[in-house]
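Take these sequences, add in the hints, and give me the full structure.
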Amino acid sequence: NFLLTQPHSVSEFPGRTVTISCTRSSGSIASNYVQWSQQRPGSAPTSVIYEDDQRPSGVPDRFSGSIDTSTNSASLTISGLKTEDEADYYCQSYDSGNRMVFGGGTKLTVL
Amino acid sequence: QMQLQESGPGLVKPSETLSVTCNVSGGSIDKYYWAWIRQSPGKGLEWIGYVYYNGVTNYNLSLRSRVTISVDTSKSHFSLRLKSASAADTAVYYCARDTGSHYDYWGRGILVTVSS
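Read top to bottom, the protein sequences are chains A and B. Quick note on the working numbering: the first sequence kicks off at 1 and runs consecutively. Quick note on the working numbering: the second sequence kicks off at 1 and runs consecutively.
Take every hint as true, because none was put in to throw you off.
Interface residues of chain A toward chain B, partial, derived using beta-carbon atoms under 8 angstroms: (1) Q35; (2) T46; (3) S47; (4) Y50; (5) Y90; (6) N98; (7) R99; (8) G104; (9) G105.
Because the hints were derived from the structure by calculation, they are not lab data. We put the beta carbon where it would ideally sit given N, CA and C, even for glycine.
And the structure:
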């Protein structure tokens with residue numbers, strides 16, 4: 001199986017752009033779609049990106065996703081940061097046995 | 001609007017079986033995967049497993065020996081059973097609908113504490 005490694009925390013000012021990385025330890029990042037979930041304090045997670053770069057209905061286009069095979073990583077980019085974006089963000093991907101693997105999560109602080 | 005709601009005992013004694021049910025309303029349970037995810041206090045998300053509407057299951061390898069997930073389409077709910085519970089199983093347990101590409105609906109979660 002593989003691990004998904006995320007930075008423990010990131011911070012940025014309102015209005016700026018932040019990128020959160022998710023690095024796959026083995027196997028190609030392109031082998032299985034990557035999803036991103038947002039979890040605000042005290043709430044259940046919600047999906048913000050699926051299939052590497054798709055936004056669910058209702059998610060603002062300030063959120064975008066991508067993968068980079070050269071670094072074997074996925075990225076979540078949030079532009080025009082708002083205080084409401086302050087949350088924990090998790091990347092996740094299925095393994096070859098169709099079992100979900102979660103990254104450790106990244107705490108985003110909007111300064 | 002689809003809604004998922006977890007229910008079950010909030011307190012389980014060590015060595016007993018932890019049981020949680022997810023009631024699905026506002027839509028059909030058919031043709032989807034239904035997942036359980038947990039989050040220990042202050043920790044990240046851990047995938048437990050899923051059940052397909054036809055009863056096919058898939059489990060986290062580290063929990064496989066203790067976990068059973070089942071579905072009852074007539075009652076529009078699915079359930080998690082985790083036997084031989086210990087303090088390490090204390091967590092918020094979430095249910096979610098898995099479209100195959102993402103979890104589009106989540107329950108609010110239920111805190112289950114394992115303690116004597």
